[in-house]
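S.K.: Protein sequences, first through last, are from chains X and A.
Numbering-wise, the first sequence is residues 182 to 594 according to my numbering.
Numbering-wise, the second sequence is residues 30 to 494 according to my numbering.
The hints are simulated quantities; they were obtained by calculation from the structure and are not laboratory data.
Heads up, the beta-carbon is just placed ideally off N, CA and C, and yes, glycines get one too.
Do not rely on the hints blindly, as some may be mistaken.
Pairwise CB distance ranges, derived in the manner of DEER restraints [claimed, not checked]: (1) X:546 with A:156: 51 to 59 Å; (2) A:192 with X:486: 57 to 65 Å; (3) A:133 with X:313: 25 to 33 Å; (4) X:381 with A:128: 31 to 39 Å.
In the DSS-like style, the derived pairs of lysine-lysine whose C-alpha atoms are separated by at most 25 Å in a straight line are [unchecked claim]: (5) A:380 with A:487; (6) X:575 with X:590; (7) X:505 with X:348; (8) A:92 with X:505; (9) A:363 with A:448; (10) A:487 with X:590; (11) X:442 with A:206; (12) A:271 with A:363.
Derived, one-sided and incomplete: chain X residues facing chain A with beta-carbon distance under 8 Å [claimed, not checked]: (13) 456; (14) 459; (15) 463.
Letter by letter, the chains look like this.
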Amino acid sequence: METSHDADKKITVQSLADLGPLPMKVALGCSVLLPVAFVLHWVFGHGWDLFAFSYLQSTFFFLSISLGALFFVMVQQLTRAGWSVVLRRLSEFLSLGVIPLAVLVLPIVLLTLTGNDTLYKWASAENIANDSLLQAKSAYLNKGFFALRYVIYFGAWIFLAKFFLGKSLAQDETGDPETTLLMERRSGPGILLYTFTLTFAAIDFIMSLDPHWFSTIFGVYYFAAGLVGFFSVLAISLVYLRSKGILKEPVSTEHLHDVGKLLFAFNCFWAYIAISQYLLIWYANIPEETSFFLPRQENGWGTVSLMLVIGHFAIPFVFFMSRKMKRNPKPLVFWGFYLLIMNWVDIFWLVMPNIAFDKMASSVTFPMILINVCCTIGVGGIYVASILKLAGDKSVMPVRDPRLEESLKFHNI
Amino acid sequence: MATTIEQPEKTKAEPELLGLLAEFDDPHALVAASTKVRDAGYNRWDTHTPFPMHGIDEAMGIKWTILPWIVAACGLTGGTIAISMQYWMNAVDYPFLISGKPLFSIPACIPITFELSVLLAAFGAFFGMLGLNQLPKLYNPMFKSEAFRRVTNDRFFLSMDASDPKFSEIDTGEFVKSLNPIHVEEFWSDVESPKLPRNLKLGLSLVGVFMLMPIALVAYKRSTVTDTPRIHIVPDMDFQPKLKTQNTTGIFGDGREVRPHIPGTIPRGQFKDDNVPFYYGLKELPEDQDVITIAVQDDKKADEKKPVADEKPAEAGKADAKSAAAAKAAEDDKLAKLPWVTEFPMPVTEKMMARGKERFRIYCSVCHGLGGEGDGLVTLRAMDLQQGTWVKPASYHTDNVRKQPVGRLFNTITNGVRKMPAYGPQIPPEDRWAIVLYVRALQKSHQVDAKTLTDEEKQKLRDTK
Numbered sequence: 182m183e184t185s186h187d188a189d190k191k192i193t194v195q196s197l198a199d200l201g202p203l204p205m206k207v208a209l210g211c212s213v214l215l216p217v218a219f220v221l222h223w224v225f226g227h228g229w230d231l232f233a234f235s236y237l238q239s240t241f242f243f244l245s246i247s248l249g250a251l252f253f254v255m256v257q258q259l260t261r262a263g264w265s266v267v268l269r270r271l272s273e274f275l276s277l278g279v280i281p282l283a284v285l286v287l288p289i290v291l292l293t294l295t296g297n298d299t300l301y302k303w304a305s306a307e308n309i310a311n312d313s314l315l316q317a318k319s320a321y322l323n324k325g326f327f328a329l330r331y332v333i334y335f336g337a338w339i340f341l342a343k344f345f346l347g348k349s350l351a352q353d354e355t356g357d358p359e360t361t362l363l364m365e366r367r368s369g370p371g372i373l374l375y376t377f378t379l380t381f382a383a384i385d386f387i388m389s390l391d392p393h394w395f396s397t398i399f400g401v402y403y404f405a406a407g408l409v410g411f412f413s414v415l416a417i418s419l420v421y422l423r424s425k426g427i428l429k430e431p432v433s434t435e436h437l438h439d440v441g442k443l444l445f446a447f448n449c450f451w452a453y454i455a456i457s458q459y460l461l462i463w464y465a466n467i468p469e470e471t472s473f474f475l476p477r478q479e480n481g482w483g484t485v486s487l488m489l490v491i492g493h494f495a496i497p498f499v500f501f502m503s504r505k506m507k508r509n510p511k512p513l514v515f516w517g518f519y520l521l522i523m524n525w526v527d528i529f530w531l532v533m534p535n536i537a538f539d540k541m542a543s544s545v546t547f548p549m550i551l552i553n554v555c556c557t558i559g560v561g562g563i564y565v566a567s568i569l570k571l572a573g574d575k576s577v578m579p580v581r582d583p584r585l586e587e588s589l590k591f592h593n594i
Numbered sequence: 030m031a032t033t034i035e036q037p038e039k040t041k042a043e044p045e046l047l048g049l050l051a052e053f054d055d056p057h058a059l060v061a062a063s064t065k066v067r068d069a070g071y072n073r074w075d076t077h078t079p080f081p082m083h084g085i086d087e088a089m090g091i092k093w094t095i096l097p098w099i100v101a102a103c104g105l106t107g108g109t110i111a112i113s114m115q116y117w118m119n120a121v122d123y124p125f126l127i128s129g130k131p132l133f134s135i136p137a138c139i140p141i142t143f144e145l146s147v148l149l150a151a152f153g154a155f156f157g158m159l160g161l162n163q164l165p166k167l168y169n170p171m172f173k174s175e176a177f178r179r180v181t182n183d184r185f186f187l188s189m190d191a192s193d194p195k196f197s198e199i200d201t202g203e204f205v206k207s208l209n210p211i212h213v214e215e216f217w218s219d220v221e222s223p224k225l226p227r228n229l230k231l232g233l234s235l236v237g238v239f240m241l242m243p244i245a246l247v248a249y250k251r252s253t254v255t256d257t258p259r260i261h262i263v264p265d266m267d268f269q270p271k272l273k274t275q276n277t278t279g280i281f282g283d284g285r286e287v288r289p290h291i292p293g294t295i296p297r298g299q300f301k302d303d304n305v306p307f308y309y310g311l312k313e314l315p316e317d318q319d320v321i322t323i324a325v326q327d328d329k330k331a332d333e334k335k336p337v338a339d340e341k342p343a344e345a346g347k348a349d350a351k352s353a354a355a356a357k358a359a360e361d362d363k364l365a366k367l368p369w370v371t372e373f374p375m376p377v378t379e380k381m382m383a384r385g386k387e388r389f390r391i392y393c394s395v396c397h398g399l400g401g402e403g404d405g406l407v408t409l410r411a412m413d414l415q416q417g418t419w420v421k422p423a424s425y426h427t428d429n430v431r432k433q434p435v436g437r438l439f440n441t442i443t444n445g446v447r448k449m450p451a452y453g454p455q456i457p458p459e460d461r462w463a464i465v466l467y468v469r470a471l472q473k474s475h476q477v478d479a480k481t482l483t484d485e486e487k488q489k490l491r492d493t494k
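Please build the complete structure, drawing on both the sequences and the hints.
M.R.: Laid out in structure tokens, this is it:
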């Protein structure tokens, strides 16, 4: 493992700041929609519920992308992958998204701490008193422990994201191969920590919206959703950056091809997990489990469910098989956006049917979609702006990574 | 590209030129040479290297493999087979309802469809790869070249096939030499191939014959009949050394396998004390005990008569029906005269009422309906079918049933009436009394005028689900 000095000389250090002020302006402009969504909630009946759930959906949509990025960073280190070095810094930037999201999720936790049961039924003492199942679960699902776990989860993710970016940046200065070895050693326990925090976070923040229901595969489901989102974002941003002359030389068609392959693979993985969850519940037909899928077949949610089956899996499955599609930036970006939207619909489908107005299941309505889209674009603006700010003028490529040369010469057989 | 082994002919054949072999010691030289051969327009030629080389595919102008299409086709075939197989098996050939699921439903089919698609796709990939590479290939005339042995180590070869339309011995030879290989040689077909050893032939034929035998045996057994029982390789508890009812044996004096009660003993759990009201619903047992089970027996007799009655002319049938009706009335009369108890022979409690409600819903409501009006689901279905064999169960709210003393109701449950079978063997006496209690409550509930109720009671009724 030798540092290639030849590679250092050839490559000029580029950063996201080279994109100019426009992306930051657009992102900040988008973030205005978050207050708009907040104001909109007065316009519609049940607006507060719609806004609260939309906000949760938006933050956890972007969180899934950042967590996917964090996983990708650690897995590349763990497997000593050479091909992905040129993409890794971008993934590290994306994983930094957990920092703004920690702030964005905080209102949800604070609201729950006050005993407000808009989102989580188990947060209110009154609900617990009337529900024996909530009483049984209250040892885990209670306000104090929930807040503590929030601190643990985001603490762990911020720690991991900062650790891997920090070490990688330090290597840009020193070029020390020992740093790579250190990151490889730390990524094993890092992935363990990541797995547990992600699983429990998915259970706490999304699954416990319906505290009666439980599915042991739910953490994996959220993880799979996040990876689809992350690889979509990675493909889109790579093509975008290349069109702006950043990473144009280092990132070749071969890298895009592999990102496309991973996007395809994890989309299939998502479908596999989704059908696994559905099949067991469908077969067993136990009331406490079917309570998840029944509301998702009624009041317009059935259409959304079918849309996921066909739109999230069947259609992209056919198109992603083609090698040409993955090697051609334009269709890759199209399907990247497509799957990103599908991932959004997926999280929408997980969160929104849990709204119950006066104990009546909610249906898909125009106000719901409007508030949700505004909220997502708003949160997305803050998310992207924060990442641009945090990434600053740091190099978009680990310029002195010992495996950089391997990555530059990477070629699919 | 591939060359095939020439079949040895009976007459001694002339050796035939199969191609040219050019040797290179540098991979880049091979790539450069490949480019030239490609541009020269040759089709049947190949390169041989010790390791995979980037760029050689482009240099050789090799078309992108069609393997993915083979895999896709195999995968789709697998999926189609799986879906149609499951449809045929589960929905057509052997419809079998499992926990209320539809006979053919997509969710249930997904695992098998997935597995079979993957399996056939994997087969397609593996065998397709072998086929496209023309493998397995035990022998290639190029192997005779001494120099070619280094192809797995450090030499790079380019072979021109003589079957190429552009191939001509002199021109191609010159052309290959112009590529600057370190060595060029020709390879020729074998004039004769060594014969297989006699013993090997014999052995292989024997193996072939032996391999046919199991198939022949199976075919033979399938096309013949036998009167000997099948061979039990694994005794699946088909035969057990035990005595069964309705069979004869030499072990016991009376020759019966089922053992009757020993006189003067009471089987476990069948002890009935002198509590006649509790066990029979009667104040005291009548002398003619048969009378209490008369209803069921007579009804059975009537059933036996029925087919005969159908054959007779309509008038005779009417007469028969009349006599049956008369017999029924007589027997009803007999039953009515028995000394039935009018009070419950056990303390009536809230708990007993709840138990009665629960048991009633399990045993009685299917025919009699939840309200006791004789409109249970079984009844509704039976009336729907209109087969004429169903006697509609009595409503509890007719005067006739309402007037019956509790003992008589108890007796009806125990011994049955008309189409209703005896539930005595199924329901313990405590539960039978509980059901009677609940039936009484049902009857009462239909005879109360709402005006007589207090507001408090009305509210309570409204609140109860």
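S.K.: What hints, given by number in increasing order, does this structure fail?
M.R.: As far as the earlier hints go, 3, 7, 10, 11 and 12 are violated by this structure, in ascending order.
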